[in-house]
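A.B. asks: Given next are the chains, with one letter for each unit.
There are 2 protein chains.
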Amino acid sequence: MMKLHILGCHSATPRSLVFPSSQVLEIDNELILIDAGEGMQIQLRKYKHKFNKIKHIFISHLHGDHFFGLVGFLSSLRLLGREKELHIFAPVGLKEIIELQFKIAQTDINYPLIFHELSSHDSQNILDEKKFKVDTIPLKHRIYANGFLIREKEKPRKLNMESIQKYPEIETWAYHNLKVGKDFVTENGTIIPNVELTLAPLPPKSYAYCSDTIYKPDIIPLIKNVDLLYHEATFLEEHKELAKKTKHSTAKQAADIAKQAEVKKLVLGHFSSRYKDEEQFKIEAQSIFPNTDIAKEGKVFEI
Amino acid sequence: MMKLHILGCHSATPRSLVFPSSQVLEIDNELILIDAGEGMQIQLRKYKHKFNKIKHIFISHLHGDHFFGLVGFLSSLRLLGREKELHIFAPVGLKEIIELQFKIAQTDINYPLIFHELSSHDSQNILDEKKFKVDTIPLKHRIYANGFLIREKEKPRKLNMESIQKYPEIETWAYHNLKVGKDFVTENGTIIPNVELTLAPLPPKSYAYCSDTIYKPDIIPLIKNVDLLYHEATFLEEHKELAKKTKHSTAKQAADIAKQAEVKKLVLGHFSSRYKDEEQFKIEAQSIFPNTDIAKEGKVFEI
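Here the protein sequences line up with chains A and R, keeping their order.
Just so you know, we're using this note's numbering here: the first sequence kicks off at 1 and counts up by one.
Just so you know, we're using this note's numbering here: the second sequence kicks off at 1 and counts up by one.
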């Protein structure tokens, strides 16, 4: 299971009480930070996320509302005495920005900070962990941008203890083989089929983050059938010309993508400050894709 | 009159609900921003300060807790359509940091942003406005740092309308000369002395900001008799060795400076997160300099 926690989901124009793009995805007892708008560490503290649970950071693009909170967070980790590695996946340029600030402050980053600089316009697998993997989703914005597709890997089968207890000869040493799908063979050669002894695991879950981008239907094959799609909807359809000009999407366009990709659920974000009532985004999208919700600071989506 | 508004007054280690160094000084219908720790634009909005009233920004030094909030603020001004000039006085290096971030975001700053890069180790007059002027106060920290001394200029004398009305021959055209201190000469040559027609103006006020710095008594002549001194007190005297090592001051040392400089009032700030009770800073300083107060987010000091 994954859990998405929204730290900020508004576009850049400053307002009180809302924060620019930032979110953490809880997966396998780790927090993955996706985008790092200003104030993200304030939000992390507010919602009581442990800083040290973050091992991987993904930055979509280098507009300030998606990364101005990062350098302060990295500094805080330093002051908090972090020792373990931190990996940042971001477009070329962020490394230079961060390193310049530490250099001018005459401060060493005293933990291993590893930058993975992105520049490809094709989807790439950029992280392959034991329990999940991350691919880029090439987006189209005013500057180079990627979305991120995070997929759990197949989980081991679950032991059906009720069935197993019927066979005293199955001892605990055999459990590993059962979990990976093998049948059990007794000493006299009888085969007890795996399906009798185990239950299917929960299907692996998937999450796709797409912000910022113009309406870009060629991402559909990449995000096909994901459990949750977060797609930017900076504008409503009434301002679709403005969306096109600024290379953003409308709520309707995000819903079109969700529908065509047959995702399970759509969450909209990156709302422009011109709209007072964000429910409008939901209403517009739901007319096309009913299972749509809107992001909000502090909201949690179980995947 | 000046008014000091504290936006943040804590040292860098992150905590909930407190902000790193940032403050605005209200003077002559202008807001002077002094230091710009992360989250300062959130604080500006919270306390309802108009962004456009800021024309001059002073950055003491390039440790992140004094400037990480700046680039987001500059971006917001851009999005809000600012047109008028903005002047930033900061150590060499900040211009490069800011310009790199706008360059990589492929974004133009669409208002005149003028950097005044500081590198001198002597006190300099860096701003001379109609009603006030600003000098640097060379500090000693782990990296190059300045405090700032902001002084109102002499104000015009105030018209004593009660006295003036006794002389019908004094018409409004003569008021300007009275304000600048000239006597009034009647048509028949009688001299009415200025002191009879005007009142002394309020004395010009002065404010000194000193953060971050080791105990540095050679600043005393520069800040002699100021109305308000904000001096960092990262530590209590019990940790004076740590203060020395990290080139910070203790509350007692700040009070020593205030006493020797014969300032009217001392405000302490830049508290380390190791202390739970910030009243201790006040108690320690007051034993040496009674008119001491401590800074707090949202607190306002009239000067």
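Since the hints were made in silico from the structure, they are not lab data.
One should not assume that every hint holds.
Given that identical chains are not distinguished, each listed pair holds provided it fits within a single copy or across any two copies.
[Stated by the list, open to error] In silico lysine to aspartate or glutamate, EDC-like type, Cα no more than 20 Å apart, as pairs:
no.: 1; residue 1: K245; residue 2: D108
no.: 2; residue 1: K276; residue 2: E83
no.: 3; residue 1: K46; residue 2: E297
no.: 4; residue 1: K247; residue 2: D108
no.: 5; residue 1: K133; residue 2: D28
no.: 6; residue 1: K179; residue 2: D293
no.: 7; residue 1: K247; residue 2: E85
no.: 8; residue 1: K103; residue 2: E297
no.: 9; residue 1: K224; residue 2: E187
no.: 10; residue 1: K48; residue 2: E129
All values derive from a computational prediction rather than experimental measurement.
A.B. asks: If a hint holds in the structure, say so; if it doesn't, say that too.
C.D. replies: Hints versus structure:
1. For the homomeric pair K245 and D108, the shortest alpha-carbon distance between copies (17 Å) is at most 20 Å, but the shortest distance inside one copy (42 Å) is not.
2. For a Cα distance limit of 20 Å, the shortest separation of K276 from E83 qualifies neither inside one copy, at 44 Å, nor across copies, at 26 Å.
3. Taking the shortest alpha-carbon separations for K46 and E297, both the intra-copy value of 11 Å and the inter-copy value of 17 Å come in at or below 20 Å.
4. Proximity of K247 to D108 under the C-alpha cut-off of 20 Å is restricted to the inter-copy arrangement: shortest distance 17 Å between copies versus 38 Å within a copy.
5. Taking the closest pair of Cα atoms, K133 and D28 come within 20 Å of each other only inside a single copy of the chain (12 Å); across copies the shortest separation is 58 Å, beyond that limit.
6. When the C-alpha separation of K179 and D293 is checked against a cutoff of 20 Å, the pair qualifies neither within a copy, at 36 Å, nor between copies, at 66 Å.
7. In this assembly of identical chains, K247 and E85 lie within 20 Å of each other by CA distance neither inside one copy nor across copies; the values are 35 Å within and 29 Å between.
8. With identical chains, the CA atoms of K103 and E297 are never at most 20 Å apart, being 33 Å at best within one copy and 30 Å at best between copies.
9. For the identical chains of this complex, K224 and E187 are neighbours neither inside a copy (46 Å) nor across copies (95 Å), given an alpha-carbon limit of 20 Å.
10. With identical chains, the CA atoms of K48 and E129 are never at most 20 Å apart, being 25 Å at best within one copy and 46 Å at best between copies.
Taken one by one, the earlier hints fail for this structure at numbers 2, 6, 7, 8, 9, 10, listed in ascending order.
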